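Engineer: Sequence:
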Amino acid sequence: MIKGQISSDFATLDTKMTVGEARAKLAGGYGVVWDENGRFITILQSEDLATSTDEQPLAELLGQLPPGIVVAAAETMDKFVQSPAFAAFAIGARGAVVYDEDEQPVGILTDETITRYLEDEFETVGEIKGFPSDTSLAGTITDKPLVMYCDEFQHRNELKYYNRHKPPECQVKEPHQHPIRKKAK
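Note that this note's numbering has the sequence shown beginning at 702, numbered continuously upward.
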């Protein structure tokens, strides 16, 4: 469940603050921006405010900030990384606000937490396709979901071999190695 992976360590920010006030509350961590009606807008970090002056209203930056993502606390990480909301991380989202069954925010799911999850679950996928092992979040979601890479690799590069043999199931944790192309030890 996502609820076990969330962080409750974040600053609460609102659109009426100045950038200087927001910087002081962030103190190097994450901040959740809410509008005057209490609706979630986005998550940001101190580095998002680096080029702004302290007197500038935070509301002026909202159009330049990455989108906000909302996730149900009951959802699993596996389901989340396959959801359309996950694609928002490709355009710079810093995290997601996690809501419980009563639609109350219970914490945030940070990009670092998601990156750690992807590294644990899909640690060898980049090597299967022959890509460099870019395990950053941006490197993970550039094209398609990771699990599909293995199937595409087998289909494209092993087609002649698999036409004569039944293809094995794609194994993300321990990928199938072609019997002729075993790694040299």
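The hints are simulated quantities; they were obtained by calculation from the structure and are not laboratory data. Certain hints may be false.
[To be verified] Beta-carbon label-pair distances, calculated as ranges:
#1 783 - 715: 30 to 36 Å
#2 758 - 780: 33 to 39 Å
#3 748 - 717: 19 to 25 Å
Remember, it's a predicted structure, so these values are computed and weren't measured experimentally. Beta carbons: idealized from backbone N, C-alpha and C, even for Gly.
Engineer: Hint by hint, say whether it matches the structure.
Structural biologist: Consistency of the hints with the structure:
A C-beta distance of roughly 33 Å is found between residue 783 and residue 715, which places it inside the suggested range of 30 to 36 Å. About 37 Å separates the C-beta atoms of residue 758 and residue 780, a value consistent with the hinted range of 33 to 39 Å. The supplied range of 19 to 25 Å is met by residue 748 and residue 717, whose beta-carbon atoms lie about 22 Å from each other.
When held up to the earlier numbered hints, the structure conflicts with none and fits them all.
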